[in-house]
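Participant: Residues per chain are reported as follows:
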Amino acid sequence: MLTSFAILTDGLVYAAYLFIVAIGLTLIFGVMKILNVAHGSFYAFGAYGAATAVGIYANADWPAALGFLFMLVLAMTIGLVMGIILERGLLRQVYGKDEVITVLVTYATFLILEDVIVLLWGPQSYAAYQPMVSAGNIEIGGLVLSNYDILLVAIAAALALLAYWSLKFTRYGWLLTTVIFDRETAAAFGVNVTLIYTVTFIIGAMLGALGGAVMAPKIAVTLGIGVEVIVLAFAVVAIGGMGSIEGALIGALIVGICRAAAVHLVPQLELFVIYGVMALVLVVRPYGLFVRAQPRKI
Amino acid sequence: MLQSRRRIRYALAGSAVATAVIASAQAQQPAAPAAAPVKLGIVSFLTGPAASPFGIPGRNGAEIVIEAFNSGKAPPPFDKVGLGGAKIEAKFVDEAGSAANVVTEYRNLVQRDQVDAVIGYVSSGSCLAVTPVAEELKALTVLYDCGTPRIFEEKARTYVFRVSPHATMDNVAAARYLLAKKKNLTSYSGLNQNYAWGQDSWRDFVGAMKALAPTVEADKVLFPKLFAGEYGAEVSTLLTSKSQALHTSFYDGDLEAFVYQEQTRGLDKRMTMIMTTGEAAIWRLRDKLPDGTIIGGRGANGPLAADTPINKWFQKIYTDRYNIPPTYPAYQMAQSLLGLKLAYEKAAKPGVKPTADEVAAAFKGIEFEGPAGHVKMALGDGHQGITETAYGIYRFNKQSREPEIVDIVRYPAECVNPPAGVDADKWIEEGMKGAKCN
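Residue numbers (my numbering), protein chains in the order written: chain Y, 1 to 298; chain G, 1 to 438.
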């Protein structure tokens with residue numbers, strides 16, 4: 001019983017982490033059809049920004065809640081600035097070109113940004129544990145849980161609801177849906193597709209940075225964290241379907257629960273299970289769980 | 001007579017002119033040429049996740065020791081300028097990248113830059129990739145940090161050396177220390193990264209535990225992905241286990257992330273943690289590392305090192321420069337350079353650079369005192385060093401606000417290393433026969 005409860009809670013926490021990281025990636029792909037490898041850099045910059053913010057607020061002796069808010073705001077501001085620079089300065093130059101070229105451009109950007117991190121923050125790692133430690137823990141059903149992990153699940157749930165509400169009930173969401181469905185037709189009806197692209201990329205970048213910011217208190221913020229994340233995020237997005245937000249949510253839940261079950265029951269399979277699930281889903285549904293095969297336009 | 005006087009005058013004038021010409025010529029000649037510099041390639045992680053805990057301390061250790069060598073300010077018997085009077089020119093190279101990239105950079109150092117020796121490599125993968133190339137190119141190479149015992153167990157080597165002991169002693173000593181401190185231990189678990197380092201560490205630890213305490217049971221065996229970052233499920237698994245101790249060879253970001261996450265959930269209150277590389281993290285984690293954690297440092301390095309004059313010297317020059325005490329990768333780099341210097345100077349002849357063969361012949365089997373204690377190149381036909389090692393209990397001193405390691409127990413090299421000619425895993429499997437612990 002305790003093990004089942006532990007699998008459920010661990011799975012939810014891991015799924016929350018995966019969803020927060022993957023939502024920006026899948027949003028950008030859904031709208032812009034860009035497989036954005038530089039998403040890992042948004043995560044890394046968000047984490048470094050959060051670590052910097054924690055350093056500032058810990059020294060200033062601010063209340064924990066204010067410090068946490070400052071951490072999120074600073075990280076998302078970094079995401080905003082990066083999103084604007086990359087979309088306006090770089091990606092705009094390759095719109096309409098082959099998808100492979102766009103992937104290569106984002107990969108090159110990712111590599112450059114890894115070095116920018118070294119230039120800005122140096123090669124040493126940073127700690128930002130204060131928000132997690134100050135949140136404390138709670139014992140439920142004989143298992144001690146971190147309150148910060150519970151907060152992480154709440155943030156992921158809030159993001160999922162916000163994304164659903166934005167897409168279904170706001171004007172921007174409707175415009176976005178039309179662009180996702182058919183870019184040319186949307187443009188023909190007067191939708192400013194260029195503006196939608198810019199806004200979507202910036203939101204995606206801010207979500208990537210948010211992922212880094214909320215994870216920073218749990219990890220050592222160090223060089224290379226973006227690489228690990230981008231691989232996991234791709235797996236989640238591939239399971240759910242490229243460009244599908246509900247797919248990212250379900251993909252994250254499947255991976256999270258399967259991984260937690262593997263760690264508790266068959267630890268030897270922990271590495272295999274994430275990619276095993278992905279392979280299984282892609283065999284049955286090659287476009288992921290929530291995306292159907294689309295007829296090719298000629 | 002007159003002629004003879006003239007001759008004498010001419011002879012005197014001639015000799016004066018000749019003397020002046022010779023003196024002038026001598027004055028115009030450059031000073032006797034200084035010994036040609038010795039080129040060293042220093043390879044370590046300068047970027048990537050392993051840079052901060054290992055690569056940079058290793059690089060820093062090389063920088064200050066080479067500076068001390070070049071200025072002749074290292075303590076005796078290392079006080080001769082440079083290597084045998086020739087100043088050292090160091091080229092620092094990043095170890096980051098694939099094994100193929102590491103080998104390419106190695107070839108560049110040896111073939112393009114014509115270095116006299118290469119000192120480097122943190123990753124066991126890099127060491128395994130570079131070793132056959134070093135033998136092929138007949139290039140003197142000193143591996144400084146990687147721990148795999150396979151380098152000298154798989155094949156005899158001629159040009160490759162490793163002053164730092166291999167990883168077997170870390171885990172054998174960890175088992176001895178744990179059993180000495182926890183007499184009522186019945187069960188333990190393991191959390192190690194899922195690659196050669198983590199798997200070898202766990203294999204050696206379990207083997208040593210089986211040999212020393214066959215009734216104590218290994219419970220949860222966890223191998224998360226390298227640099228996984230999120231360990232919630234692992235912490236839950238350990239919280240629901242019956243283990244009283246946890247063995248981990250985690251390092252860097254993985255170790256720090258695990259410590260932050262487990263501490264929030266109180267795992268360290270339920271079981272004693274043994275961190276075989278924990279010494280490298282104490283100056284960063286400080287009061288976040290739980291008191292009572294059993295700490296190793298891949299040898300008697302850092303706070304585990306004996307209080308000898310050469311250790312004090314190394315601690316001082318490192319701390320003065322970098323404002324943080326040296327951790328074990330810095331020690332391993334320093335010991336590697338000291339070993340190379342002794343071998344080079346043993347092989348050197350006046351005015352002539354010794355060849356790689358001559359230095360290699362001189363390196364075999366040497367012994368010396370370094371900051372981490374007595375080094376004996378005893379294994380791998382004189383190519384692999386052994387030293388004593390030590391373990392202790394971590395405590396954050398609240399008065400001085402500094403980390404401390406107390407209750408230190410030292411293990412002689414022959415107690416925790418296999419005898420010459422015996423493979424490490426076989427030695428453990430057969431009950432560590434011949435271990436001399438007293």
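The hints are simulated quantities; they were obtained by calculation from the structure and are not laboratory data.
None of these values were measured; they are calculated from a predicted model.
Every residue gets a Cβ at the ideal spot worked out from N, C-alpha and C, and that includes glycine.
Do not take every clue at face value.
Footprint (simulated), chain G over chain Y, 3 or more residues, beta carbon under 8 angstroms [said to hold, decoys possible]:
#, stretch
1, 11-18
2, 54-60
3, 123-132
4, 268-280
Participant: Would you mind marking each hint as holding or not holding in the structure?
Facilitator: Do the hints match the structure? See the list:
1. 11-18: Satisfied; 4 residues make the cut.
2. 54-60: violated (count 0)
3. 123-132: holds (count 6)
4. 268-280: This one holds; 3 residues, not fewer than the three required, reach chain G with a Cβ under 8 angstroms.
Hint check: a violation occurs at hint 2 only; the rest are consistent with the structure.
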